[in-house]
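*Asks:* Hints given; two lone chains; assemble the complex.
If you read the sequences in order, they're chains A and B. For the first sequence, my numbering gives the first residue as 1, with consecutive numbering after it. For the second sequence, my numbering gives the first residue as 1, with consecutive numbering after it.
Any given hint could turn out to be false.
Said to hold, decoys possible - Computed list of lysine-lysine pairs in BS3-like fashion (alpha-carbon distance at most 27 Å, straight line):
(1) B:Lys2 x A:Lys52
(2) B:Lys62 x B:Lys2
(3) A:Lys48 x B:Lys2
(4) B:Lys64 x A:Lys52
(5) B:Lys2 x B:Lys64
Treat the hints as calculated values from the structure; they're not laboratory data.
Spelled out from the first residue to the last, the chains are:
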Amino acid sequence: MTIDWLAFTPWSAIIGGVLIGVAASLLALFNGRIAGISGIISQLLHFKSAPKEHLPWRILFLLGLISSGWIYQLFFQLPVISPSNSIATLMIAGLLVGVGTRLGSGCTSGHGVCGLGRLSTRSLIATISFMTAGFVACYLFLHSGLI
Amino acid sequence: MKLRTAYLSGFIFGVGLIVSGMTNPKKVIGFLDLFGQWDPSLMLVMGAAIPFTFITFRWLEKNKQRF
Numbered sequence: 001m002t003i004d005w006l007a008f009t010p011w012s013a014i015i016g017g018v019l020i021g022v023a024a025s026l027l028a029l030f031n032g033r034i035a036g037i038s039g040i041i042s043q044l045l046h047f048k049s050a051p052k053e054h055l056p057w058r059i060l061f062l063l064g065l066i067s068s069g070w071i072y073q074l075f076f077q078l079p080v081i082s083p084s085n086s087i088a089t090l091m092i093a094g095l096l097v098g099v100g101t102r103l104g105s106g107c108t109s110g111h112g113v114c115g116l117g118r119l120s121t122r123s124l125i126a127t128i129s130f131m132t133a134g135f136v137a138c139y140l141f142l143h144s145g146l147i
Numbered sequence: 001m002k003l004r005t006a007y008l009s010g011f012i013f014g015v016g017l018i019v020s021g022m023t024n025p026k027k028v029i030g031f032l033d034l035f036g037q038w039d040p041s042l043m044l045v046m047g048a049a050i051p052f053t054f055i056t057f058r059w060l061e062k063n064k065q066r067f
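Just chain B, same shape as in the assembly (with noise of 0.2 Å):
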């Protein structure tokens, strides 16, 4: 169970970055490039990924689940 659980998180993780753009190293410097052309397109990435973590976590820490 807990295995079948890393492997399909890990597999999520993979095509949320394919399709979020991620996986290509000119879309990550373009969000660095904030005093050139800047590609916004990371800060959503993480934006969106972030209120799932928070309520995840913050869940686990009711119910006593330390990391």
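Chain A extracted, bound-state conformation (with noise of 0.2 Å):
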């Protein structure tokens, strides 16, 4: 393991992550609801069966997520992301992403950055699962030669 510092971003990183912090923190006190984005999304998926009276919610809250990139973009650049990937390839991913995230009852927001942060063993396991995967994963495309 060696540390690519060129890539390596602490501070925005640090910036980013008190953001997120106080983000989930204010829906967990106003809201009283967890900030698991692959939860509210799904649970939007199924309004038919969902409590009616959480979708205003959910629905506000991934407005705020959308347009925060294009209210961010009127006064700030962002960041240059050119992904490689074809927009097959893309599409397979993110509905493995979904698909992974509903077994597992959460992603890093809800699992990660709220369970952590209420001590849930659930999430903890969930969060060693997940990242144990990514890092499995990312060594069989990258490094293995198998794949």
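*Replies:* Spelled out as structure tokens, the structure:
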């Protein structure tokens, strides 16, 4: 393991992390909800069976999340993102992320930021599991020569 | 009120993702690439966020709010 000092951005990571922590705290304090993004999206897709009273805050949270990029670029420059993958690969990858987060009942936001913050054993196991799976998958795809 | 805080929370969350670089798949893969050139940024993002949720959930727990 060698640290990529050129790619490592400690200060922006910490500042961004603080914002994410504040955002998750706001939703917990004022709405009494967990800021788990995969869960919020999946419950929106299940709008027929999910309790109706939860619909508005979920929509507003996602609107905030999506509009943030647009509002941000009015004042600052957005980071340059250039995925080298085809649209088909991105769609399959996105679908797998969705299925995986549903199987694991949460993602980096719900289990990672919120679950670990409330010292949930379930979330700790989930976070260790998906991070380990990510490390292994990355190794298989980038270094093993098998894929 | 609740709708405004839900929007605000999503908005701040999104800005946090942009500022931290986590909207860029390259940064996430850089973190997962433990056996190559490792970019620890994602660890600091979580490490900076969790103290806030920790304090918040402890406070809520004390005030008997269940999730």
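*Asks:* Does B:Lys2 pair with A:Lys52 here, judged by a C-alpha cut-off of 27 Å?
*Replies:* 15 Å, holds
*Asks:* Does B:Lys64 sit within 27 Å of B:Lys2, going by the straight-line distance between their CA atoms?
*Replies:* 20 Å, holds
*Asks:* Does A:Lys52 lie within 27 Å of B:Lys64 when you go C-alpha to C-alpha?
*Replies:* Satisfied, since the Cα-Cα distance of roughly 25 Å is no more than 27 Å.
*Asks:* Checking one constraint from the list: CA of B:Lys62 to CA of B:Lys2, max 27 Å. Satisfied?
*Replies:* 22 Å, holds
*Asks:* Given the hinted pair A:Lys48 and B:Lys2, is their alpha-carbon gap at most 27 Å?
*Replies:* Within the cut-off at roughly 22 Å; holds.
The earlier numbered hints are all upheld by this structure, with none contradicted.
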